[in-house]
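Asks: Heads up: the sequence shown begins at 167 in my numbering, then just goes up one per residue.
Calculated from the structure, these hints are not laboratory results.
Check each hint, because a few of them may be wrong.
To be verified - Pairs of lysine to any residue, SDA-like flavour, derived with a Cα cap of 20 Å:
(1) LYS295 / VAL190
(2) LYS295 / TYR241
(3) LYS170 / ALA299
(4) LYS222 / THR298
(5) LYS357 / ASP316
(6) LYS181 / VAL193
(7) LYS181 / ALA299
(8) LYS177 / PHE303
(9) LYS177 / THR233
(10) LYS222 / THR233
(11) LYS222 / ARG171
(12) LYS295 / THR240
(13) LYS222 / GLN248
(14) LYS295 / ILE246
(15) LYS222 / HIS331
(16) LYS295 / THR233
(17) LYS170 / GLY314
(18) LYS177 / ILE246
(19) LYS177 / GLN359
(20) LYS357 / ASN237
(21) LYS295 / THR216
(22) LYS222 / SER283
(23) LYS295 / PRO183
(24) LYS222 / LEU212
(25) LYS181 / TYR292
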Amino acid sequence: MSDKRLPPGQKRIDKLPVLQFGSVPAVDLSQWRLRLWGAVQTPCELDWETVNGLPKTERIFDLHCVTRWSNYDTYWSGFILQALIDAGYLRLLPEARFVMQHAPGYSVNLPLEMVMSENFLFATHYDGKPLTAEHGFPLRGLPGAISGRDDLQDVYLWKGAKWLHGLEFSAEDRPGYWERRGYSMQADIWKEQRYAEKE
167 MSDKRLPPGQ
177 KRIDKLPVLQ
187 FGSVPAVDLS
197 QWRLRLWGAV
207 QTPCELDWET
217 VNGLPKTERI
227 FDLHCVTRWS
237 NYDTYWSGFI
247 LQALIDAGYL
257 RLLPEARFVM
267 QHAPGYSVNL
277 PLEMVMSENF
287 LFATHYDGKP
297 LTAEHGFPLR
307 GLPGAISGRD
317 DLQDVYLWKG
327 AKWLHGLEFS
337 AEDRPGYWER
347 RGYSMQADIW
357 KEQRYAEKE
């Protein structure tokens, strides 16, 4: 019997592996800031108290990693991009169409439409507990798949940055860290867009 939730080339596992580029950074919340800039009316920096005070959103995601593992029904909470807009911290210019997530030594691109969709979360908690350092404390971008929702674009997990500290909005798409090294700009899991030649 086929599993319609499992994308091609993936194997289901029941854990959340720790994978990242580089070492795990130490984060001092008193110094941490989330910077918003680029195609915005007013660039700004938000401290942890402000970010952590945004209205909470919960999501249950299937996660699909480019390294070929998939994990079903993972439980996360955090906030959505719309929360930054509703709170007045983020006012996008009309030309804003793409988002570059920035983390220490790392960046990754996504269309703004994808970051605004139901299957993308700025996660602060996993499985009811604050993120551990290995999983991106204090904030990570999180693209997931929602079971039964074939109207949403699903991308591989590398399209969310751990240890997130900046969101840069732009009119044009640009490659992030792995995209500059041959990974897909789109990363559609159902088309197996792991590498640029699949596009």
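Asks: A separate judgement is required for each hint: does it hold in the structure or not?
Replies: Consistency of the hints with the structure:
1. With a CA separation close to 19 Å, the supplied pair LYS295 and VAL190 stays within the 20 Å bound.
2. Annotation: proposed proximity of LYS295 to TYR241 holds, straight-line Cα distance about 10 Å (limit 20 Å).
3. Proposed proximity of LYS170 and ALA299 is contradicted: the alpha carbons are some 33 Å apart, above 20 Å.
4. Among the hinted pairs, LYS222 with THR298 is consistent with the structure: their alpha-carbon atoms are about 18 Å apart, no more than 20 Å.
5. Of the supplied pair hints, the one linking LYS357 and ASP316 holds, its CA atoms being roughly 13 Å apart against a limit of 20 Å.
6. A hinted pair counts as satisfied when its Cα atoms are at most 20 Å apart, and LYS181 with VAL193 does not qualify at roughly 25 Å.
7. A distance of roughly 17 Å separates the Cα atoms of LYS181 and ALA299; the hinted pair therefore holds under the 20 Å criterion.
8. Restraint check for LYS177 and PHE303: not satisfied, since their Cα atoms lie roughly 27 Å apart, outside the 20 Å limit.
9. Distance hint between LYS177 and THR233 is fulfilled; the C-alpha atoms sit about 10 Å from each other, no more than 20 Å.
10. Pair hint LYS222 plus THR233 does not hold up; C-alpha atoms about 30 Å apart against a cutoff of 20 Å.
11. Pair hint LYS222 plus ARG171 does not hold up; C-alpha atoms about 27 Å apart against a cutoff of 20 Å.
12. For a cut-off of 20 Å, the pair hint linking LYS295 to THR240 stands: about 12 Å separates their Cα positions.
13. Restraint check: the Cα-Cα separation between LYS222 and GLN248 comes to about 11 Å, which is no more than 20 Å; the hinted pair holds.
14. With a C-alpha separation of about 18 Å, the suggested pair LYS295 and ILE246 falls inside the 20 Å cut-off, and the hint holds.
15. Proposed proximity of LYS222 and HIS331 is supported: the alpha carbons are some 19 Å apart, at most 20 Å.
16. Restraint check for LYS295 and THR233: not satisfied, since their Cα atoms lie roughly 25 Å apart, outside the 20 Å limit.
17. For the suggested pair LYS170 and GLY314, the alpha carbons sit about 9 Å apart, so the restraint of at most 20 Å is met.
18. Taken as a hint, the LYS177 and ILE246 pair is broken in the structure, with Cα atoms around 29 Å apart against an allowance of 20 Å.
19. At roughly 16 Å between alpha-carbon atoms, LYS177 and GLN359 fall within 20 Å of each other, so this suggested pair holds.
20. In summary, the hint linking LYS357 to ASN237 is supported, as the alpha carbons are separated by about 18 Å, within the 20 Å threshold.
21. Between LYS295 and THR216 the alpha-carbon distance is near 19 Å, which keeps this suggested pair within the 20 Å criterion.
22. Between the alpha carbons of LYS222 and SER283 the distance comes to roughly 16 Å, so the proposed pair stays at or under 20 Å and holds.
23. For the hint pairing LYS295 with PRO183, the CA-to-CA distance comes to about 17 Å; that is within 20 Å, so the pair holds.
24. Between LYS222 and LEU212 the alpha-carbon distance is near 16 Å, which keeps this suggested pair within the 20 Å criterion.
25. At roughly 12 Å between alpha-carbon atoms, LYS181 and TYR292 fall within 20 Å of each other, so this suggested pair holds.
Taken one by one, the earlier hints fail for this structure at numbers 3, 6, 8, 10, 11, 16 and 18, listed in ascending order.
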